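**Q** Based on the hints, put chain B with the ligand in the right spot on chain A.
Sequences listed follow chains A and B, in order. Going by the numbering used here, the final residue of the first sequence carries number 266, and the count climbs one at a time with no gaps. Going by the numbering used here, the final residue of the second sequence carries number 410, and the count climbs one at a time with no gaps.
It is possible that part of the hints are untrue.
[Claimed, not checked] Here are some of the chain B residues that sit facing chain A, going by a computed Cβ distance under 8 Å:
1. Gly-21
2. Gly-25
3. Glu-30
4. Gly-174
5. Asn-192
[Unchecked claim] When the alpha-carbon atoms are kept at most 35 Å apart in a straight line, the in silico DSBU-like pairs for lysine-lysine are as follows:
6. Lys-376(B) / Lys-160(A)
7. Lys-333(B) / Lys-116(A)
8. Lys-208(A) / Lys-376(B)
9. Lys-15(B) / Lys-168(A)
10. Lys-200(A) / Lys-291(B)
11. Lys-260(A) / Lys-13(A)
12. Lys-142(A) / Lys-4(B)
13. Lys-116(B) / Lys-141(A)
14. Lys-291(B) / Lys-31(A)
15. Lys-34(B) / Lys-22(B)
16. Lys-77(A) / Lys-34(B)
17. Lys-291(B) / Lys-73(A)
18. Lys-137(A) / Lys-280(B)
19. Lys-119(A) / Lys-291(B)
20. Lys-117(A) / Lys-280(B)
21. Lys-137(A) / Lys-45(B)
22. Lys-238(A) / Lys-376(B)
23. Lys-160(A) / Lys-116(B)
24. Lys-188(A) / Lys-45(B)
25. Lys-137(A) / Lys-333(B)
26. Lys-208(A) / Lys-15(B)
27. Lys-280(B) / Lys-32(A)
28. Lys-15(B) / Lys-137(A)
29. Lys-280(B) / Lys-376(B)
30. Lys-116(B) / Lys-238(A)
31. Lys-45(B) / Lys-160(A)
32. Lys-4(B) / Lys-233(B)
33. Lys-291(B) / Lys-280(B)
Rather than coming from a laboratory, the hints here were simulated on the basis of the structure. Predicted, not measured: the structure shown is a model, and the values here were computed from it. Even for Gly, the Cβ is constructed at its ideal location relative to N, Cα and C.
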Amino acid sequence: MINPINLAFKNAKEKKRPALLTYTVAGDNTKKKSLEILKSISKDVDICEIGFPHNTPIADGGQIQTSAYRALKNGLKISDVFQMVRDFKKSKNSKPVILMGYYNMIYQYGENNFIKKCKSSGVNGLIVVDLPWPENKGFAKKCKSKAISFVQLLSPTTSKERLKNIIKDSHDMIYYISMLSTTGGKLKVSPKQILNNYNKIKKIDPKKNCVIGFGITEKTIAKLRSADGLVVGSAICKEITRSLNNRQNPVINVSKVVAKLRNKIS
Amino acid sequence: MKLKKNVPLIDQHDKYGFWGGKFGGSYIPETLKKPVDDLTKEFSKLRKNKSFIKKRDFYFNNYIGAPTRFIKLENLSKHLGGAQIWAKVVSDANGGAHKIYNATVHALLCKSMGKKYIVGDTGAGYAGKMLSMAAKKFGLKCKIFMGAKDIKRQKPNCDAMKKNGAEIVPVTTGSQTLVDAVSECMRYWVSNCDTTHMCVGSTVGPNIFVKICGWSTAQISRELKKQIKIQFKKIPKKIKLINCVGGGSSAYGFWSEFIDFPKSQIELIGVEAGGPKNSKLHAAPLSRGAKLGVLHGAASYVCQNNEGQINETESISAGLDYPGVSPIHCFLKDTKRARYTYATDEDALNAYKLVTKFEKLNPSLEPSHAFAEAIKICPRLNKDTVIIVNSCGDAKKDRDILKRRLGKRI
Ligand SMILES: Cc1ncc(COP(=O)(O)O)c(C=O)c1O
Numbered sequence: 001m002i003n004p005i006n007l008a009f010k011n012a013k014e015k016k017r018p019a020l021l022t023y024t025v026a027g028d029n030t031k032k033k034s035l036e037i038l039k040s041i042s043k044d045v046d047i048c049e050i051g052f053p054h055n056t057p058i059a060d061g062g063q064i065q066t067s068a069y070r071a072l073k074n075g076l077k078i079s080d081v082f083q084m085v086r087d088f089k090k091s092k093n094s095k096p097v098i099l100m101g102y103y104n105m106i107y108q109y110g111e112n113n114f115i116k117k118c119k120s121s122g123v124n125g126l127i128v129v130d131l132p133w134p135e136n137k138g139f140a141k142k143c144k145s146k147a148i149s150f151v152q153l154l155s156p157t158t159s160k161e162r163l164k165n166i167i168k169d170s171h172d173m174i175y176y177i178s179m180l181s182t183t184g185g186k187l188k189v190s191p192k193q194i195l196n197n198y199n200k201i202k203k204i205d206p207k208k209n210c211v212i213g214f215g216i217t218e219k220t221i222a223k224l225r226s227a228d229g230l231v232v233g234s235a236i237c238k239e240i241t242r243s244l245n246n247r248q249n250p251v252i253n254v255s256k257v258v259a260k261l262r263n264k265i266s
Numbered sequence: 001m002k003l004k005k006n007v008p009l010i011d012q013h014d015k016y017g018f019w020g021g022k023f024g025g026s027y028i029p030e031t032l033k034k035p036v037d038d039l040t041k042e043f044s045k046l047r048k049n050k051s052f053i054k055k056r057d058f059y060f061n062n063y064i065g066a067p068t069r070f071i072k073l074e075n076l077s078k079h080l081g082g083a084q085i086w087a088k089v090v091s092d093a094n095g096g097a098h099k100i101y102n103a104t105v106h107a108l109l110c111k112s113m114g115k116k117y118i119v120g121d122t123g124a125g126y127a128g129k130m131l132s133m134a135a136k137k138f139g140l141k142c143k144i145f146m147g148a149k150d151i152k153r154q155k156p157n158c159d160a161m162k163k164n165g166a167e168i169v170p171v172t173t174g175s176q177t178l179v180d181a182v183s184e185c186m187r188y189w190v191s192n193c194d195t196t197h198m199c200v201g202s203t204v205g206p207n208i209f210v211k212i213c214g215w216s217t218a219q220i221s222r223e224l225k226k227q228i229k230i231q232f233k234k235i236p237k238k239i240k241l242i243n244c245v246g247g248g249s250s251a252y253g254f255w256s257e258f259i260d261f262p263k264s265q266i267e268l269i270g271v272e273a274g275g276p277k278n279s280k281l282h283a284a285p286l287s288r289g290a291k292l293g294v295l296h297g298a299a300s301y302v303c304q305n306n307e308g309q310i311n312e313t314e315s316i317s318a319g320l321d322y323p324g325v326s327p328i329h330c331f332l333k334d335t336k337r338a339r340y341t342y343a344t345d346e347d348a349l350n351a352y353k354l355v356t357k358f359e360k361l362n363p364s365l366e367p368s369h370a371f372a373e374a375i376k377i378c379p380r381l382n383k384d385t386v387i388i389v390n391s392c393g394d395a396k397k398d399r400d401i402l403k404r405r406l407g408k409r410i
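Next up, chain A with everything else stripped away, as it sits in the complex (with noise of 0.2 Å):
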């Protein structure tokens, strides 16, 4: 049986278009609306990435950081993440589920009990943000033998060397981060430069499906069709803000700019 994370890419390709994935924080700005804004963007996504808070990420930048920050004033916990993705997939089962977050989370949870609550309740995929190659070997072992990916990051300062080995021990799917930034930083590197680090990636191994993320907008994603998969978070949890700010439904005005986002690469 195709794995979901292979068969959103294979759907995808088979339209000629890359897969979208979104990024969103649980619980932001409660559990119910997140769960909402979840179900309604999930028509126009391949993938959904989210987001368990925590609150000191050193590599998020400043959209991702309130929306985070927001969630956990409204008291969300671990379990409330997992509930989360549970009610989601009662609905979307066959939508790809990936979380991300940071180490300190899984480590106080028990790396085992962790993705024990990952199979039971749905969970595809993981990217843990600060366990880099080669550290994460162990870990992401674990999550393969129960069936769920662990995703490497690539960034563009790592090595050619680097490359090959992370490449080699990845699962279904790997990240490339567009630039040097913590995430929602203005795309500063044109995106025929993005791309050209991208197929430099493809090359050593074409089969695996890569995804670039890390300052996508609505202005430049059609700009970089040609990815297997573009990821989108900041300009999304940035519409939730500004919803928030102008008392107006974020379900509603999310659901738009993703629609958008979509239409921009059918």
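**A** Same frame as chain A, now just chain B with the ligand:
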């Protein structure tokens, strides 16, 4: 878990950078892997390079002003009775605290890697002040990240940073103290690591920063060892080395030459910030039972909740107000080589009052925590016992707090 003899503690880690198999490591985003690897290579090369060491020693002697004094606190000893109390007056160093050693070495490293920008974090403001001094001296452009709360309470050091031409970036997230400043500094580095060098202000952060900082502050104990031998003819039979512990850089520097001694001869005592009396908030992960966790790129004991969210801390002393601690101190704790305890805000203030009443010494609130422990244990000990306190900072930066709390003009 065991300490090795004849190997500096900073080098006693495994190939993934863990001390005792579980403290330290490098929990960093992929973006930082290369800059951290580059720095690791550069440092391992330079620390063995004779001309680099010569350069370091030149600046330690002629710029920082080594050695700092080692003095007996006669009046305080007499007043308390019991053991004799001595102080290593590290605040004699240029800039007024031990943070200058780490800052100077980082500036030299930055230059040798051909980088023109340097960034750093600060709590008490000393690490920032020193980095701005070193940056100015070596012609580097400098940004300092500092919690908004710390900017308010440590104004004299902020003024110094600005005078040295550094930009202070106020950090308004979270508790607006050191922990947030370190996060923000790391985030900045993630975005600018191709042109910019980062200096971590203490023996915390990814493995290489723990090592560089420890290697730099080790100067303190090299001096002290010589001074003890001169003063006592040989190393006395009973010594207690008492040091405050925030991140742990001054404590490591104070102890590094003495770790191989039997603990029956040289006891190492670390004093953390217990926070206000009767408050649940503290910054004492080693002495008040915090769990192992990952903070700012390393595994150590961290004040945190069950979910792995980092706790807010509270201390009168900005330099100790940090929820984590150096992995090497976790290792010293678990191998039982060092003993860790805490002093409350009130203990530190009382110690400050007593020390300044009896001695011509003006310790900042950080070392006042260490003095509090010395004052507490001194009367119970005999006169052959030598207590040495690292007076690692000068209280000029604390004048507003001291005035408010003690009504004292300094
Ligand atoms: C004078 C002084 N002592 C101690 C500390 C605590 O830091 P560490 O334990 O890393 O030496 C600081 C930190 O700013 C300080 O300024």
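**Q** Run every hint past the structure and note whether it holds.
**A** Now the hints, each set against the structure:
no., hint, result
1, Gly-21, "violated, 13 Å"
2, Gly-25, "holds, 7 Å"
3, Glu-30, "holds, 4 Å"
4, Gly-174, "holds, 7 Å"
5, Asn-192, "holds, 7 Å"
6, Lys-376(B) / Lys-160(A), "violated, 58 Å"
7, Lys-333(B) / Lys-116(A), "holds, 33 Å"
8, Lys-208(A) / Lys-376(B), "violated, 64 Å"
9, Lys-15(B) / Lys-168(A), "holds, 21 Å"
10, Lys-200(A) / Lys-291(B), "violated, 43 Å"
11, Lys-260(A) / Lys-13(A), "holds, 19 Å"
12, Lys-142(A) / Lys-4(B), "holds, 33 Å"
13, Lys-116(B) / Lys-141(A), "violated, 41 Å"
14, Lys-291(B) / Lys-31(A), "holds, 28 Å"
15, Lys-34(B) / Lys-22(B), "holds, 23 Å"
16, Lys-77(A) / Lys-34(B), "holds, 34 Å"
17, Lys-291(B) / Lys-73(A), "holds, 23 Å"
18, Lys-137(A) / Lys-280(B), "violated, 39 Å"
19, Lys-119(A) / Lys-291(B), "holds, 27 Å"
20, Lys-117(A) / Lys-280(B), "holds, 32 Å"
21, Lys-137(A) / Lys-45(B), "holds, 28 Å"
22, Lys-238(A) / Lys-376(B), "violated, 54 Å"
23, Lys-160(A) / Lys-116(B), "holds, 26 Å"
24, Lys-188(A) / Lys-45(B), "holds, 34 Å"
25, Lys-137(A) / Lys-333(B), "holds, 29 Å"
26, Lys-208(A) / Lys-15(B), "holds, 30 Å"
27, Lys-280(B) / Lys-32(A), "holds, 33 Å"
28, Lys-15(B) / Lys-137(A), "holds, 14 Å"
29, Lys-280(B) / Lys-376(B), "holds, 22 Å"
30, Lys-116(B) / Lys-238(A), "holds, 34 Å"
31, Lys-45(B) / Lys-160(A), "holds, 23 Å"
32, Lys-4(B) / Lys-233(B), "holds, 28 Å"
33, Lys-291(B) / Lys-280(B), "holds, 16 Å"
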